[in-house]
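Since the structure of chain A is already known, use the hints to place chain X on it.
Protein sequences, first through last, are from chains A and X. According to my numbering, the first sequence is numbered sequentially starting from 1. According to my numbering, the second sequence is numbered sequentially starting from 1.
Keep in mind that a hint or two might mislead.
Chain copies aren't distinguished; within one or between two, either way the pair holds.
[What the hints assert, rightly or not] Calculated pairs, SDA-like style, for lysine to any residue (alpha carbon to alpha carbon, straight line, at most 25 Å):
id, residue 1, residue 2
1, Lys165, Met203
2, Lys225, Ile27
3, Lys165, Ile208
4, Lys225, Glu90
5, Lys14, Val100
6, Lys109, Ser80
7, Lys349, Asp215
8, Lys57, Glu86
9, Lys225, Glu255
10, Lys423, Tyr274
11, Lys272, Glu218
Treat the hints as calculated values from the structure; they're not laboratory data.
2 protein chains.
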Amino acid sequence: MAERFVLVEKALRKMLEEKKYATLRDILVTMNSSDLAGLFDNLDEKQIPLMFRLLPKELAAETFVEMEPEAQELLIRGFSDNELKEVLDELYADDAADIVEEMPANVVKRILKHADPELRSSINQILRYPENSAGSIMTTEYVSLRPTMTVGESILRIRRQGIDKETIYLCYVTGQDRTLLGLVSVRDLLLAEDDDVQIQDIMLTNLIYVTTQTDQEEVARMFSKYNFLALPVVDTEHRMVGIVTFDDAMDVMEEETTEDIELMHGMTPSEKPYMRSTPLDLFKNRIPWLMLLMVSATFTGMIITSFEDALAAQVALTSYIPMLMGTGGNSGSQTSVTVIRALSLGELKFRDLGTVLWKELRTAVICGVTLAAACFVKIWLVDRTLLGNENITVMVDLVVCVALCVTVIMAKAVGCLLPMAAKALKLDPAVMAGPFISTIVDALSLLAYFLFAQSILGL
Amino acid sequence: MAERFVLVEKALRKMLEEKKYATLRDILVTMNSSDLAGLFDNLDEKQIPLMFRLLPKELAAETFVEMEPEAQELLIRGFSDNELKEVLDELYADDAADIVEEMPANVVKRILKHADPELRSSINQILRYPENSAGSIMTTEYVSLRPTMTVGESILRIRRQGIDKETIYLCYVTGQDRTLLGLVSVRDLLLAEDDDVQIQDIMLTNLIYVTTQTDQEEVARMFSKYNFLALPVVDTEHRMVGIVTFDDAMDVMEEETTEDIELMHGMTPSEKPYMRSTPLDLFKNRIPWLMLLMVSATFTGMIITSFEDALAAQVALTSYIPMLMGTGGNSGSQTSVTVIRALSLGELKFRDLGTVLWKELRTAVICGVTLAAACFVKIWLVDRTLLGNENITVMVDLVVCVALCVTVIMAKAVGCLLPMAAKALKLDPAVMAGPFISTIVDALSLLAYFLFAQSILGL
Chain A
1 MAERFVLVEK ALRKMLEEKK YATLRDILVT MNSSDLAGLF DNLDEKQIPL MFRLLPKELA
61 AETFVEMEPE AQELLIRGFS DNELKEVLDE LYADDAADIV EEMPANVVKR ILKHADPELR
121 SSINQILRYP ENSAGSIMTT EYVSLRPTMT VGESILRIRR QGIDKETIYL CYVTGQDRTL
181 LGLVSVRDLL LAEDDDVQIQ DIMLTNLIYV TTQTDQEEVA RMFSKYNFLA LPVVDTEHRM
241 VGIVTFDDAM DVMEEETTED IELMHGMTPS EKPYMRSTPL DLFKNRIPWL MLLMVSATFT
301 GMIITSFEDA LAAQVALTSY IPMLMGTGGN SGSQTSVTVI RALSLGELKF RDLGTVLWKE
361 LRTAVICGVT LAAACFVKIW LVDRTLLGNE NITVMVDLVV CVALCVTVIM AKAVGCLLPM
421 AAKALKLDPA VMAGPFISTI VDALSLLAYF LFAQSILGL
Chain X
1 MAERFVLVEK ALRKMLEEKK YATLRDILVT MNSSDLAGLF DNLDEKQIPL MFRLLPKELA
61 AETFVEMEPE AQELLIRGFS DNELKEVLDE LYADDAADIV EEMPANVVKR ILKHADPELR
121 SSINQILRYP ENSAGSIMTT EYVSLRPTMT VGESILRIRR QGIDKETIYL CYVTGQDRTL
181 LGLVSVRDLL LAEDDDVQIQ DIMLTNLIYV TTQTDQEEVA RMFSKYNFLA LPVVDTEHRM
241 VGIVTFDDAM DVMEEETTED IELMHGMTPS EKPYMRSTPL DLFKNRIPWL MLLMVSATFT
301 GMIITSFEDA LAAQVALTSY IPMLMGTGGN SGSQTSVTVI RALSLGELKF RDLGTVLWKE
361 LRTAVICGVT LAAACFVKIW LVDRTLLGNE NITVMVDLVV CVALCVTVIM AKAVGCLLPM
421 AAKALKLDPA VMAGPFISTI VDALSLLAYF LFAQSILGL
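For reference, chain A alone in the conformation it holds in the complex (with noise of 0.2 Å):
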């Protein structure tokens, strides 16, 4: 699909070129939004309003709103008053509020100021939400229905108001003060036996809801437990403001678990696309870590220096530092991020404490013996007899694999206990991945190394 782009991209960047309009026009018209915006970030400059203006109306709002933040502002600052309204015109609240938040404030004042009442005050509405809460998702355009009209009724309103709706599919039933009541699909309607059934008598009332300020993270897992095509927003009086629909789910549900995946490896989440972040984006991103565990090593260090004479004593025993740190930090992160992300999907929660650490403390102790037992025969078979290492003896060979097997079960125990803690302290468990967790596994097991060392070679 992707490469087929590739050729199509140029073959309608040469009609421009070569300013065959109509034809152009005729290509554009058939194609999706989404490939279009894609279409337009990969265009000169110049090139962008001249191929926007050929763009219908609808479809061509559709397309603005997909496009990324440069074009938009481009395409804003290019626009005549006319055009800028048409263009806002055809948006929903939702989206409309999405492009005012990446718009410096000279924009924002001009798309406000040619936005039409309501969807101004829609738009203020919903950036007066924090940042990723529910509030600041949803759409204040949804289909509101009263108990006591009837089916026949309700299709009526849908037919004439549902123009200006992101879905019509799901329908809320609202009483005074525009409490929340009930909900209705357009399903229900169409398969009602009787037109003239009142909605309260078919409407769904154990509803499910979210507030607007329930965390975007808990709208997206809502979205992918219950299968909705859209979830109601409700305030704190239980009023309806709003609908998220599952397109915007889906979107968070990218977006957290990027930021998840990044803050595991040592990263600050990223505000831009991989491919818009410049190199000095990037290292602002990642240096932080970094530098923290760059010195955090100092105690690694401290703690080979203090053994120094023990590794004098004993050359072999440096060798086995790498595989014994990379084993530790492996094991660990396996481990804190098969919990990390069992806790993201809410498969686990804390009070599951006791059983994940009962569950992994078994698998450390399968895991250790396992590893351990291998590395003494590779140990013997490959450093000392194929390699011909003669500094290892039988008892080097034993103090690296009890301590390889000491280190695993640590880096499990601690892989598991972090991340948990993190859950109960209200942080982020993803911090307490990969990098973190290494550091504080590699002090351990240096440390378990040499005093099984010490204590079984009597350095």
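Showing chain X alone in chain A's frame:
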């Protein structure tokens, strides 16, 4: 929410024990099927059939679909033929196929025997497609319309047929031999100005579709790109065979992300959710990579052994090995994970290799120089002055910091090259993450470290 349910669960279980079936039933019918399924998964084996029989038919089937396979199997074994038939009649074909896949052969036989012929043939059709293909996650129940039907006729058809279809909101227009011609949404039908307009005059014809063989990951990506409610699935002759709905795509997104995360941290993807995995399951998923990486650490061991004399001559060098390896591992995994995520979200293609490499190299140089400078100061102030390690000379400090800078640059280069190479070779880039890259970078950085030590310190 979760905490509230713990209390509800307790109360419901008590009612069951006290045989207050009527009250229990009144409460159960107000609950959502996903929450009910969660409740069943925590019940004792004997209580499951008892509680299940209290549910009204439709809710019972919805709940059944959401349960864990263990509870489903238990129920099916306990069902009378009639009960089984009743539940099966309420299932959508894709859900039924999912259940059949998880059951042992004798249960499958019983299911297929009691499914009506249409459902049976759908299940068989879905199970014929390769695992992880669009065909295996689609449902065969959708609303199809003819191009010559009018809007009014179409609405009538939906009202007559809709009850058995997973979604009625998107209707597919098919011609001779079920060839896919176009798409009409219920929204278009309801908002059409005239009931006598023919479908072919309002249908969307530039359709986005997948084939039965399309990988489910690609399907999920298309949902998140295009925000569809459903995607049509066609066979090689462009005949319509089914649809994939957004909720299934969401499940695939979650599943594929978990798989990526597991692969990225040296685990083979798990078949079961974490809480249902035994320590032995976890062991089997985790030991292969641990074993492989333990053995491949032989190389780092060999490098250290061959520079034993240099280390003996300048003992301070040993204490910086963990810091170098740790920083290399962290730098490499930051890059590889970022690249892998961008590849899996479709933000990045193989043809972007040049851009990515150039971006990463510049980032690596800024990170490497900054870290090396900070490290130089830290070693001098902390390790030499504060901790009074007299073995550390300016030249030793210099060797460590030059090696550190080179390590960061190598790590970031390897971290972006390997996942891109995997992509080009049609392997899963996620395998080329942390553990794998750390092992390569460990060896490279130790080599660089000792070579610098030899040439700068003349060891």
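Here is how each hint holds up against the structure:
Taking identical chains as interchangeable, the C-alpha atoms of Lys165 and Met203 lie at most 25 Å apart whether they share a chain (20 Å) or sit on different chains (20 Å). When the C-alpha separation of Lys225 and Ile27 is checked against a cutoff of 25 Å, the pair qualifies only between copies, where the shortest distance is 21 Å, while the shortest distance within a copy is 40 Å. For the identical chains of this complex, Lys165 and Ile208 are neighbours both inside a copy (21 Å) and across copies (23 Å), given an alpha-carbon limit of 25 Å. Taking the closest pair of Cα atoms, Lys225 and Glu90 come within 25 Å of each other only across two copies (20 Å); inside a single copy the shortest separation is 32 Å, beyond that limit.
For the homomeric pair Lys14 and Val100, neither the shortest alpha-carbon distance inside one copy (33 Å) nor that between copies (53 Å) is at most 25 Å. Taking the shortest alpha-carbon separations for Lys109 and Ser80, only the intra-copy value of 15 Å comes in at or below 25 Å, while the best inter-copy value is 68 Å. Taking the shortest alpha-carbon separations for Lys349 and Asp215, only the intra-copy value of 17 Å comes in at or below 25 Å, while the best inter-copy value is 33 Å. Only within a single protomer do Lys57 and Glu86 lie at most 25 Å apart by alpha-carbon distance; the minimum there is 7 Å, versus 50 Å between protomers.
Within a single copy, Lys225 and Glu255 get their C-alpha atoms as close as 18 Å, and across copies as close as 13 Å, so both meet the 25 Å cut-off. In this assembly of identical chains, Lys423 and Tyr274 lie within 25 Å of each other by CA distance solely across copies; the values are 17 Å between and 29 Å within a copy. Taking the closest pair of Cα atoms, Lys272 and Glu218 come within 25 Å of each other both inside a single copy (23 Å) and across two copies (23 Å).
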